[in-house]
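Q: Residues per chain are reported as follows:
There are 2 protein chains.
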Amino acid sequence: MIGIFDSGVGGMTVARAIEQFLPDHPICYLGDIARSPYGTKSSRTISAYSIENTQFLINQGAEIVVIACNSASSVATDQLRQKFNIPIIEVISPAVQQALKETRSGRIGVIGTRATIRSNVYERQILSKEPEFKVFSKTCPLLVPLVEEGWLNKRETKMILRRYLHGLKNKQIDTLVLGCTHYPLLKHLIQPRIGKKIKLIDSSIATAQYLKRYFEKGKQLQTEKISATKKKESTFFVTDLTQSVQQVAEKIFQRPLKLERI
Amino acid sequence: MIGIFDSGVGGMTVARAIEQFLPDHPICYLGDIARSPYGTKSSRTISAYSIENTQFLINQGAEIVVIACNSASSVATDQLRQKFNIPIIEVISPAVQQALKETRSGRIGVIGTRATIRSNVYERQILSKEPEFKVFSKTCPLLVPLVEEGWLNKRETKMILRRYLHGLKNKQIDTLVLGCTHYPLLKHLIQPRIGKKIKLIDSSIATAQYLKRYFEKGKQLQTEKISATKKKESTFFVTDLTQSVQQVAEKIFQRPLKLERI
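Chains as they are written, first to last, in our numbering: chain B, 1445 to 1706; chain Z, 1445 to 1706.
Among the hints, a few may not be true.
Which copy is meant is left open, so a pair is good if it fits within one copy or across any two.
As the list claims (entries may be wrong) - The list that follows gives simulated cross-link-like pairs (lysine-lysine, BS3-like), each with its CA atoms no further than 25 Å apart:
(1) LYS1631 <-> LYS1598
(2) LYS1582 <-> LYS1598
(3) LYS1573 <-> LYS1695
(4) LYS1615 <-> LYS1695
(5) LYS1527 <-> LYS1676
Because the hints were derived from the structure by calculation, they are not lab data.
Only chain B is shown next, with the shape it has when bound in the complex (with noise of 0.2 Å):
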């Protein structure tokens, strides 16, 4: 069983893409929406926060825990590998390969929480791999709120959206990494303000083919226990539950989700 947490519903992107492009995996989501957001708070109480979903995942019986969050993947990595005896997936590393791959003049930008961009970890993790490349990263706080409020479409967030990428505009990058899973929910917007020609990379795109390939790579040995057992049920938990967060969760996934308080 494939364990997902995130912060709250964005995860839920990276959740639905590892639906489509490993369907005979159950997963098993854990939304920490009674602590939500994380990435306005700082590391430490973020990977504290971090351990307990783990925790809490590994109970539920997930065998690969992947962690469905920027902010969290961006400071709590390391300190759940060391933890916990299972492999820990983050959503960094396949956003910035895909990154690396798309991209033709080496002028990435990153959008992201405060607690991601403070980490600088998509900088660090493209320069060690091309120390020649820049990165323009930017912090764009008031998007998940703006997400979670359902203003997909809404004047004010094309105005704010417009603010935030403004600078990155005058870079000249080629290729934007969206580094929040509640981002992709707004890539119809960023994509005409940042410019058609750039590459928008989707995290929960690229951890869900990063996974897939994790797979069949044969690192782990969940696909053929999976595959040889009958295929359980995906399950949904959340620490808290409202009726927004339904919403949201049900816009995401495009069917009626049974999501469970703990």
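Knowing the structure of chain B, use the given hints to seat chain Z on it.
A: Chain Z alone, transformed into the frame defined by chain B:
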């Protein structure tokens, strides 16, 4: 000692007002930043957090606790009063009293978070005293992130406010309750958009005045006890600490502030 808690830094507007109206009383403040915001969460979760916060303040020596958060005041006051044997002051009744005093037309607007507006507490309290009055409520979920982002004068903030207030403007209210402790920081933008003649009710000031009258009425022995002993220092605890938290806190208090992480 006066204990004060909030989900984050918004409640510091209340702490600041209490400090100004009751300068002889030491304050013990708790900002639950690690789990903020509360306004988007369920009543059950907000109540559970409020109980923990109150217990913490009592352990620190608080003899009276102020719930400096409209969301928590709306949904957790009864439970706190049942559970704890000290006076629990909330921010709703003082704002309601003030609104009833100010209104001429009996048409009152209320803006707040999802949790506050969903609880319907303002309307219930106002109508229980003045059944003929009309109350018009509006949830404004993006105002908290905009304040915490420090966008206090940005064009986008003005546009979002205009959108939120538009419906209320047509209701011919003469009084508007700022039903969230973050909103006083946007007073200068709210006043021109709702209309110069509309009376704004700031729950932080209303609560501080209420508390002052409460002490003066001698319902509490605290006043004498405190004035008899040497004034202790006020302390400010937070469950998480980032640079933005420190900045907003000092903006509210207009002086350097020592925030202690717990």
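Q: Now, for every hint given, state plainly whether the structure supports it.
A: Outcome of the hint check:
Both within a single protomer and between protomers do LYS1631 and LYS1598 lie at most 25 Å apart by alpha-carbon distance, with minima of 14 Å and 24 Å respectively. In this assembly of identical chains, the alpha carbons of LYS1582 and LYS1598 lie at most 25 Å apart whether taken from the same copy (22 Å) or from different copies (18 Å). Taking the shortest alpha-carbon separations for LYS1573 and LYS1695, neither the intra-copy value of 37 Å nor the inter-copy value of 42 Å comes in at or below 25 Å. Taking the closest pair of Cα atoms, LYS1615 and LYS1695 never come within 25 Å of each other, the shortest separation being 34 Å inside a single copy and 33 Å across copies.
In the homo-oligomer, the alpha carbons of LYS1527 and LYS1676 never lie at most 25 Å apart, since the shortest distance is 27 Å inside one protomer and 43 Å across protomers.
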